[in-house]
Amino acid sequence: MRIVEYTSQNCPLAVELALSFAGRLASDLGAKVTIAPGSRTERRAMSPSLEGVSTLSHFLDAGKISWSDEPSGEGGLAALLRGADVVLADGMAHRAFPDAGEAIWALVSMRSDAAGEHLDSEFTLSAACGLLDLIGDPERRPLRLGGRQLAYAGGLSAYMGFTAALCARKAGSRTGLVRVNLADVGVWLNWKSVAMSTWGARSASRLGHAAEWRTVRCSDGWTAVVYLEADWPILRDLIDDPRLRDPRFDDRSVRRANAALITGAIEDFFIGLSREQLRDLALEKRIPLGPVWSPAELEHDPQYVARDFLRRVQVGGVAVLRPSAPVIWNGQRFAAGAAS
Amino acid sequence: MKPLSGCRVLDLGIITAGAATSALLADFGAEVIKVESPTYRDPFRRWLSERPADADPSLSPFFRATNRNKLGLSLNLKHELGRNAFLRLVEKSDVVVENFRRGVLQKLGLDFETLRAANPNIILASISSQGETGPEAGYVSYGSTLEAVGGLAWTTGYEDGWPTLSGVDLNYPDQIVALFASSMIMTAWLGRDERDAGVHLDLSQRELTSYLSGEAFVAVGAGLAAGPEGNAQAPYVLQDCFLSADGAWVAVSVRNSDISRLGPLVSATEEHGLARALGEWMRTHAASRAVELLAAEGVAAAEALDGSAVLERRGEIWDQALQRSPEGALVKGFPVQFDDCPLAITREAPSNAADSEDVLQRVGGFTRAEIDVLLSAGVVEVAPAALSRVS
Chain A
0 MRIVEYTSQN
10 CPLAVELALS
20 FAGRLASDLG
30 AKVTIAPGSR
40 TERRAMSPSL
50 EGVSTLSHFL
60 DAGKISWSDE
70 PSGEGGLAAL
80 LRGADVVLAD
90 GMAHRAFPDA
100 GEAIWALVSM
110 RSDAAGEHLD
120 SEFTLSAACG
130 LLDLIGDPER
140 RPLRLGGRQL
150 AYAGGLSAYM
160 GFTAALCARK
170 AGSRTGLVRV
180 NLADVGVWLN
190 WKSVAMSTWG
200 ARSASRLGHA
210 AEWRTVRCSD
220 GWTAVVYLEA
230 DWPILRDLID
240 DPRLRDPRFD
250 DRSVRRANAA
260 LITGAIEDFF
270 IGLSREQLRD
280 LALEKRIPLG
290 PVWSPAELEH
300 DPQYVARDFL
310 RRVQVGGVAV
320 LRPSAPVIWN
330 GQRFAAGAAS
Chain B
0 MKPLSGCRVL
10 DLGIITAGAA
20 TSALLADFGA
30 EVIKVESPTY
40 RDPFRRWLSE
50 RPADADPSLS
60 PFFRATNRNK
70 LGLSLNLKHE
80 LGRNAFLRLV
90 EKSDVVVENF
100 RRGVLQKLGL
110 DFETLRAANP
120 NIILASISSQ
130 GETGPEAGYV
140 SYGSTLEAVG
150 GLAWTTGYED
160 GWPTLSGVDL
170 NYPDQIVALF
180 ASSMIMTAWL
190 GRDERDAGVH
200 LDLSQRELTS
210 YLSGEAFVAV
220 GAGLAAGPEG
230 NAQAPYVLQD
240 CFLSADGAWV
250 AVSVRNSDIS
260 RLGPLVSATE
270 EHGLARALGE
280 WMRTHAASRA
290 VELLAAEGVA
300 AAEALDGSAV
310 LERRGEIWDQ
320 ALQRSPEGAL
330 VKGFPVQFDD
340 CPLAITREAP
350 SNAADSEDVL
360 QRVGGFTRAE
370 IDVLLSAGVV
380 EVAPAALSRV
390 S
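For the protein sequence lines, the chains are A and B, in the order given.
The numbering of the first sequence is numbering that gives the first Met the number 0, which starts it at 0 and goes up by one.
The numbering of the second sequence is numbering that gives the first Met the number 0, which starts it at 0 and goes up by one.
Hints listed in this document are in silico derivations from the structure and should not be mistaken for laboratory results.
Any given hint could be a false lead.
List time: in silico DSSO-like cross-link candidates among lysine-lysine, alpha-carbon distance up to 30 Å [to be verified]:
(1) 106(B) - 77(B)
(2) 169(A) - 284(A)
(3) 106(B) - 91(B)
(4) 106(B) - 284(A)
(5) 77(B) - 91(B)
(6) 91(B) - 284(A)
(7) 169(A) - 77(B)
Listed next, the stretches of chain A that the computed footprint assigns to chain B, with coverage defined by at least 3 CB atoms under 8 Å from CB atoms of chain B [what the hints assert, rightly or not]:
(8) 134-144
(9) 261-270
On the chain A side, residues computed to face chain B include the following (Cβ under 8 Å) [stated by the list, open to error]:
(10) 251
(11) 253
(12) 299
(13) 301
Each residue gets a CB set at the ideal place from its N, CA and C atoms; glycine is no exception.
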């Protein structure tokens, strides 16, 4: 499988990240992914960086081939594109090569109306999709999720789209251009709160400390309190706090209305326990508590170690920690992107 | 012809992660048969019954939204007759999707080796919170649990605050896994002629959550700090939400090169109170006017909308993510679209057991007498209309 990432000089950063993520996943799964000349100069220089290259680029470009390193590089960009099975591109790059052979083109854009393509950042698009409104405290400003979640979700969508197109081709049919826009991806992720507004349900918005699911303190950090109906009696009995014995709390709507009181009681119990102790309790009681681990701590997490999910890869003078593709295929783990 | 025409999927998925994965496969043209049991239905059927007027109480809005384009079969897999019937369907199918708690499929006597004995080329997608193996394989999780244990919550939050979750209304890891799991299933389907055996896909939602924070692992692995990020993010010198005169929050991303263009609106530099100046300016403008003025200067800005406002603006920046079903219900749409064979919602989500007879006869090759045996044993349910035809 030959895949080319091809972005125009004016490609929005979020689009470039989406395309790169799709390429990274394909590379992890064994595709030969070539990066054609484009706009990623800015991204490579962004902070934080490691040996002069951004951590974003260390992650996204792992295992890929730079066009300048291609043996056929002198054959020209058009030849590279015509020889590809899939081209991951933005709209402007596609317009520069509208007839690039048999390759399937997967195009990522910011929004459905191309006219506003450059009026958004990933952050402002997340705001317009309702994603920010759900996160944080109601009395404070809305928050984004950590990292580059909307762009990477767009990358997953692009991978999904071009794989479907390859399936169609194998069956003797064609899909035409594969199109992903990040605004639709954002609303697709946020479908519950958008659709709920038409169902006469309560309006979903960030609830902060009054949220049913939230993080609370424990002795060495934080733990996520997450539970559904069947988990409540187990959690209540584990906490064994008179405040939670109120029979009215058997009704979820009453618990929702008193979420701050309930999580307060839970926190009073958790503050005497470490995250490791809470993990053991979650396993023993089969309840979905979530100790909040940092990425650094996860390198030595027993589950990740047992499944060989994170690997150290030597890049220059530094051993970089790199996640593998999150799938085990017939018992085999794909290697995390080869050294870039 | 759609991309997955000819592919048949037995969907044991429930709630979001598994059911949404199969829904995407259905959108791409697979024949997806949602398999429930007379003794255990998808809990989503009863999730939030906001609309008492719904004609069918087994079709909650959440269930309708997630299971459109599928057929419905009700078959008790805990019963030997039901298990055997399921394996007959496996013989005629290509994919099985499941997101039960780990161990349930084995207890049902339907592990991968058993499925492969019935169909050597079967693709089994096992979607779980922690994966099939490892000391925490039995860890029970819902979406936001995985944000905590996967490292995402660590980087989400106010700079001075606690790790923060996407919460019950977004439940981000449960949404995102459908994109990934359906992608892996299609990758396996694509390569079916290049191998001589089935595929077991062990898909860990926790690992996916971490993979989607890949650069944070690179950073900490190299000794660079990571923690709650707030809204700031490179390459923007300022990125945050500001409260407008009419009480709305406006998200703004400012590049270094934007600062000079902000001059007519805000008199400040990055070093000298840009955030404070922009905040003060925002408090004197209505959100829509502020966005308009910032956009005119080439600065990215948008109001932080709630769900109903996002829906009102359908057609402005998005148009595919939610669709109307044939009966007019608002259901999940598509994160991707094709120019030459557009994805479409062509079928309502199935009422309980809506297609049991059709599936057993057409797919499994069951005779009328065999179906009657299953019915009398209580192993299969059929739709009320179909039941009236049974003598």
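Agreement of hint residue 253(A) with chain B interface, Cβ distance less than 8 Å: Violated, because the Cβ-Cβ distance from residue 253(A) to chain B comes to roughly 16 Å (cut-off 8 Å).
Coverage claim, chain B over the segment 261-270 of chain A, checked by counting residues with Cβ within 8 Å (three needed): It is violated: at least three residues are needed, and the segment 261-270 of chain A offers just 0 whose Cβ sits closer than 8 Å to chain B.
Pair hint residue 77(B) and residue 91(B), alpha-carbon separation not exceeding 30 Å: holds (21 Å)
Proposed interface contact between residue 251(A) and chain B, which counts if any beta carbon pair is under 8 Å: The hint is violated - residue 251(A) has no Cβ within 8 Å of chain B, the shortest such distance being about 11 Å.
Proposed proximity, residue 284(A) with residue 91(B) (alpha carbon, max 30 Å): Between residue 91(B) and residue 284(A) the Cα gap is close to 39 Å, so the pair fails against 30 Å, i.e. violated.
30 Å limit on alpha-carbon distance, applied to hinted pair residue 169(A) and residue 284(A): Violated, at roughly 48 Å.
Pair hint outcome, residue 106(B) versus residue 77(B) [Cα-Cα no greater than 30 Å]: holds (9 Å)
Agreement of residue 169(A) and residue 77(B) with the hint, judged by alpha carbon distance not exceeding 30 Å: Between residue 169(A) and residue 77(B) the Cα gap is close to 38 Å, so the pair fails against 30 Å, i.e. violated.
Minimum beta-carbon distance criterion (8 Å), residue 301(A) to chain B: Given a least distance of 5 Å, the restraint on residue 301(A) holds.
Pair hint outcome, residue 106(B) versus residue 91(B) [Cα-Cα no greater than 30 Å]: Between residue 106(B) and residue 91(B) the Cα gap is close to 23 Å, so the pair holds against 30 Å.
Outcome, coverage hint (the segment 134-144 of chain A, chain B; C-beta under 8 Å; three residues): It holds, with 9 qualifying residues against the three required.
Hint validity - residue 299(A) Cβ closer than 8 Å to any chain B Cβ: Constraint on residue 299(A) not satisfied, violated at 12 Å.
The structure fails to meet hints 2, 6, 7, 9, 10, 11 and 12 from the earlier list, while all remaining hints are met.
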